[in-house]
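Using the sequences provided together with the hints, build the complete structure.
Following the UniProt record's numbering, the numbering of the sequence shown begins with 1 at its first residue and continues without gaps.
In case anyone wonders, no lab produced these hints; they're calculated from the structure. This one's a predicted model, so the numbers in the text were calculated from it and none came from an experiment. Be a bit skeptical, because a hint or two may be false.
Unchecked claim - Pair by pair, the computed Cβ-Cβ distance ranges are:
id: 1; residue 1: 235; residue 2: 18; range: 23 to 29 Å
id: 2; residue 1: 18; residue 2: 246; range: 23 to 29 Å
id: 3; residue 1: 256; residue 2: 20; range: 22 to 28 Å
For each residue, glycine too, the CB sits at the ideal point set by N, CA and C.
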Amino acid sequence: MTRLSILDLAPIAPGETVAQAIENSVALAQAAERSGYERVWYAEHHNMARIASSATSLLIGHVAGHTSTIRLGAGGIMLPNHSPLVIAEQFGTLASLYPDRIDLGLGRAPGSDQVTMRAMRRTPMSADSFPQDVRELQGYLGDESPVEGVRATPGAGTNVPLYILGSSLFGARLAAAYGLPYAFASHFSPGLLHEAVTLYRSEFIPSAQLAEPYVIAGVNVVAAASAEEARQRFEVTRRILVRGLVKRTPGAGDYTDEEIDAFLTTPNGRQLASMLTYTAVGTPDEVREYLTSFAEQAQADELIVAHQSTRIADRLESVALTAEAVLGAAA
1 MTRLSILDLA PIAPGETVAQ AIENSVALAQ AAERSGYERV WYAEHHNMAR IASSATSLLI
61 GHVAGHTSTI RLGAGGIMLP NHSPLVIAEQ FGTLASLYPD RIDLGLGRAP GSDQVTMRAM
121 RRTPMSADSF PQDVRELQGY LGDESPVEGV RATPGAGTNV PLYILGSSLF GARLAAAYGL
181 PYAFASHFSP GLLHEAVTLY RSEFIPSAQL AEPYVIAGVN VVAAASAEEA RQRFEVTRRI
241 LVRGLVKRTP GAGDYTDEEI DAFLTTPNGR QLASMLTYTA VGTPDEVREY LTSFAEQAQA
301 DELIVAHQST RIADRLESVA LTAEAVLGAA A
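Here it is in structure tokens:
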């Protein structure tokens with residue numbers, strides 16, 4: 001079976017504090033470690049009231065200190081928000097503290113809105129240098145610095161494995177040219193999955209890091225003991241996603257569930273709902289059947305799963321049930 005990993009968005013549930021959300025992430029990683037998942041990744045997002053993973057390297061370090069064997073990493077660091085040297089130092093530090101456990105996935109999107117992008121001192125042109133920035137970062141983490149007289153300490157010689165993240169053909173082509181693994185964000189941007197993976201596999205050039213193409217595909221999962229319970233949890237999650245994406249007049253209050261359900265029947269609503277096209281919802285057997293078929297269709301060597309439930313207890317149940325069904329692991 002395809003390898004199985006987790007993408008944890010470190011969600012802050014209504015009524016929870018940031019500290020509680022981070023401790024939930026610790027519990028999720030510990031459950032993943034017990035259950036046989038390959039890795040847990042955290043995504044860099046900014047100015048999002050419901051997501052606690054903005055300081056991604058700090059979160060990785062905290063979780064690593066509370067786990068023992070599972071790989072942890074960024075899925076991903078939005079490299080144009082940072083200098084390659086600083087990221088090399090951050091992840092070189094993590095790799096020095098937790099050898100052979102740290103991954104570094106790289107994306108070129110801002111991970112935020114336009115106003116926040118300006119607050120981070122990033123310009124719309126920042127993404128243009130992404131290919132060069134990846135090479136520079138690779139050099140800092142390797143044995144030869146790309147800048148004479150500058151050495152990443154910590155970082156140099158750690159050779160933290162890099163992954164290219166994307167949802168377009170650009171990332172697929174870059175990952176292929178650089179001989180790096182490619183992770184497609186099909187859990188929220190499904191449109192070009194098959195075309196991008198086909199392009200990546202056809203254009204892949206072996207590198208020192210990777211001899212053959214390696215594809216990770218994102219997919220959402222809501223697993224529960226009963227199909228009805230899984231569907232109910234998914235409906236709650238979908239409403240929260242749409243509610244967060246649809247802006248209302250200030251002071252007018254949140255949309256009701258009925259208003260959200262009605263909006264989902266409109267063309268705009270269906271377009272937003274399509275973000276969750278690749279989602280396995282149901283019993284462990286139903287989830288296993290879906291994931292097996294999805295992995296084959298996506299030509300994926302590994303699936304990275306976003307367990308989409310609002311309550312941490314429900315996410316932990318989904319983690320364990322999915323692992324038992326797919327990996328044969330009993331948590």
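Checked hints:
A hinted range of 23 to 29 Å for the beta carbons of residue 235 and residue 18 is consistent with their spacing of about 26 Å. Between residue 18 and residue 246 the beta carbon distance is about 24 Å. The supplied range of 23 to 29 Å therefore holds. For residue 256 and residue 20, the hinted distance range of 22 to 28 Å is satisfied, since their beta carbons lie about 26 Å from each other.
Hint compliance for this structure: every hint is met.
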